[in-house]
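S.K.: If you're matching them up, the sequences are chains B and X in order. Counting with this note's numbering, you get residues 1 to 443 for the letters of the first sequence. Counting with this note's numbering, you get residues 1 to 522 for the letters of the second sequence.
Don't read these hints as lab results, they were simulated from the structure. Computed from a predicted structure; not experimentally measured. Think of the CB as a built atom: it goes at the ideal place given N, C-alpha and C, for glycine as much as any other residue. Incorrect hints may appear among the rest.
As the list claims (entries may be wrong) - Short, incomplete list of chain X residues facing chain B, as computed with Cβ under 10 Å: (1) K111; (2) R114; (3) F201; (4) D280; (5) V323; (6) V333; (7) G371; (8) K507; (9) T511.
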Amino acid sequence: MLSAIGAADIDTLFADVPESVRLDGPVRELPPHASEMAVERDLGRMARKNLTASDAPFFLGCGAYKHHVPASVDHLIQRGEFLTSYTPYQPEIAQGTLQYLFEFQTQVARLTGMDVANASMYDGSTACVEAIFMARRITRRKRALISGGVHPHYVSVAKTLTHFTDDVLDVHTPVLRPGAPGDDLDALIAAIDEDTSCVVVQNPNLFGHVADLGALASACHEKGALLIAVVTEIVSLGAVRSPGEMGADIVVGEGQSIGGGLNFGGPYLGLFACNQKHIRQIPGRLCGETVDASGKRGFVLTLSTREQHIRREKATSNICTNSGLMALAFTIHMSLLGEAGIRKLAALNHARACQVADRLGALPGVTVLNDTFFNEFTIRLDREARPVIRHLADKGVLGGVALGRLYADDGDIENCVTLAVTETVTDSDIDALVAAYEGALSC
Amino acid sequence: MLKTGRATAAGVTMSEAPETFSGNRALMLDEALIFEVGTRETTGVDLPDVPDVRMRLGGTERNKPIDLPGLAEPEVVRHFTRLSRMNYAIDMGVFPLGSCTMKHNPRLNEKVARLPGFADIHPLQPVGTVQGAIELIDTLAFWLKTLCGMPEVAMSPKAGAHGELCGMLAIRAAHEAKGDARKRVLVPESAHGTNPATAAFCGYDVDSIPATPQGRVDLAALKAKLGPDVAGVMITNPNTCGLFESELKDISDAVHAAGGYVYCDGANFNAIVGKVRPGDLGVDAMHINLHKTFSTPHGGGGPGSGPVVFSAALAPYAPLPFVRKGDEGYELVEEEQVAAGSHKGSFGRMVAFHGQMGMFVRALSYMMSHGADGLRQVAEDAVLNANYVLRQLEDDMTAPFAESGPCMHEALFSDEWLDGTGITTLDIAKAMIDEGYHPMTMYFPLVVHGAMLVEPTETESKANLDAFIDTMRALARAAKAGEVERFHEAPFYAPLRRLDETAAARKPKLTWSEPEVAKAAE
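Can you build the whole structure from these sequences, using the hints too?
M.R.: And the structure:
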């Protein structure tokens, strides 16, 4: 091959790399190549140092949820034609990807109660800030109100990105009101004015509280602002009325619960849905129906004139990638569940959470803050929660998220724990959880 | 005919073959949408009975159907298996999509990423229960920093463009910390579209730098544009013409002297990994597409992963969270530490949680398998393959920068050789589909007319490349010989013929709805 090229040796091909910086051999600080067996052994050693969710009574949520994913999902997404394909820019040989994206968009739109959805985004937090930017483009206003019940990481991401644009964020702090922790909807409604582009509210919120957003939506629309609803636990929409039915204009969410594993936080699946009239302002990829030259139905990526590879510095977003394979996992899992399955799954989650709330609420030193919730609720302990959660972990129980991990510098919240209860929790998990809290709080 | 009814000779050609009654063609099966075959009552999952409890949904209960179809497991498996067969993939053949680095995805990566110790842990578990996971992130970070010769890395960005955003936000934060707001960012004409989009997002005016006739950044033109209002430059190296920016060190020195920073788009790192370290070229920030250079699967469009390496000058501004090794093992530095006063320079958080763990495991698995020696060979083989394609095809197609010396990981052709044929770059791409290849990247970079960008990667053997080259030569000669229909009508053999993208955009139909006829009949 070198002679066909007319090069004396491989290094000749790197002649444009100045000799002063060209490395003369393998990077010395790194080890040489290793066999499949050796790599598996080394990585296996690291993996075994972690306490896995399936090896412990497990009650963590706050934006990432442990659900049972049917075996066929992981089998199907590993088909090489899905796994090792590229973005479907050549639609004639990418109908597999394009058709499932069309199915995905339809499933997400129906679940959220909106007209349309995009082909997915990086994750819920990035979808959320993109929605804030979209609201600015639509309303030509710059002030976004963020409710106190929105996931603190989502708020941080929005703060980071709006710091460099001219958007203004008005972030409300969470209220620990007994019965309905998190949002203060009355304060939000009072704060909406003629400069407000949108109100961002999470439902169920970070503390698990679930609310009817109807009054908030009306208040937004009266002032010409948009309501952005965030859903981090998408399974909730099997039991709770959709944000679309409650009047939301944009719905963003985290789709990891359907088809995705916990994966220590990524890759996840950003969901983005809105109404038909706003489709030309949607960020990210869109799949649309069309026909081929012989009149057969087919699908293509569409409205790409919004995107960076065409519009460059005038694009609606710099986003290039979506979360294709996670969207596929979602579509497969949701096709298996169907209406009947998602409704039952949601009911099961809710019922299990009610059982755990009742058991924990009966313990001395524990107060359940929520009157209403889906599969996640918040308790207040009679002491700082982080040491309790670490103590539980030492006993092999992953007993929730101590909110001090998410909210720095807030005295009251430091005593709180948010717990998620899904269909994967067994009776003996619940007994172990209750016993562990009882033990930790009695000393 | 034989007595068994079998034809004694192959004589019937495709064009004479009868249409089938089902619309299927043997292994090529038409597939309905799930909404056309599923029902609201069917489910493919088996869930336990719901315990009887006092519900606490507070009046928010769903009162209308969602209208989601369900299918039994065998139907779901068939549906998605059939769909999969309508996709081209690296697993099927040569995928020379320039700038995308479609290399083989080793299956060991998939296996280790699914170890429960990585796949089944929650991002907010107490850090004492996830020490191995943080160790993995720290180990991968060490490999990335070492390969790049740079002291810091941000692991959380979710994809390449997200990494660009991370790098440019760090640049903006660094200028702001000095009270030196600058307005302009210089971007070469040949850059990926994400570069100007990212710079504009960060509030900068984008100023384009021309290329030299040899396909590289024009150093003199760049120097002329430098000034006290330039925040930095965004340079892709190797660039999108497939060439190494041999003057990058001089560019960096000039930019630094003017008080700016150098962002390098690392999309093409595969060509130089183990051969040269970006840190030695004066780069201040560079994203690395783990889904390109380090073989994590593209997955039909993500998930990607785009860690960003930083120079000492930008390191203090890196985003949250990051890993720190403390007395009692690994720690994750998150918001609370920043609120407590340390790491004040960080520009903040870019994503919920800690980044694409699943991609980290795959990338580290690839790196450990290849080692320092193997990664160097990856770059060498990728460059060897691209040069082989360039030299074998330059006589039949037009290679505008063939005289500029060896290419790096990709060979760039223009459509000049198609002048007067009535055939376009798009037609060539569609004809390649019929020949069993994924098309090369078309019409990018913009600096070349009708660009065709071919990146074979190190994955392809000489035999594969020779077969590909023979096909490309045959297509080139057919085009020049005036076989117009072969190109204008292509593809003939794909699951679908050319799709009407204009109609799709004019009246967008983004979700499925019951056909009007069926609705009216109800």
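S.K.: Are the hints correct? Go through all of them and say.
M.R.: Outcome of the hint check:
no., hint, in the structure
1, K111, "7 Å, holds"
2, R114, "8 Å, holds"
3, F201, "5 Å, holds"
4, D280, "4 Å, holds"
5, V323, "12 Å, violated"
6, V333, "12 Å, violated"
7, G371, "3 Å, holds"
8, K507, "9 Å, holds"
9, T511, "4 Å, holds"
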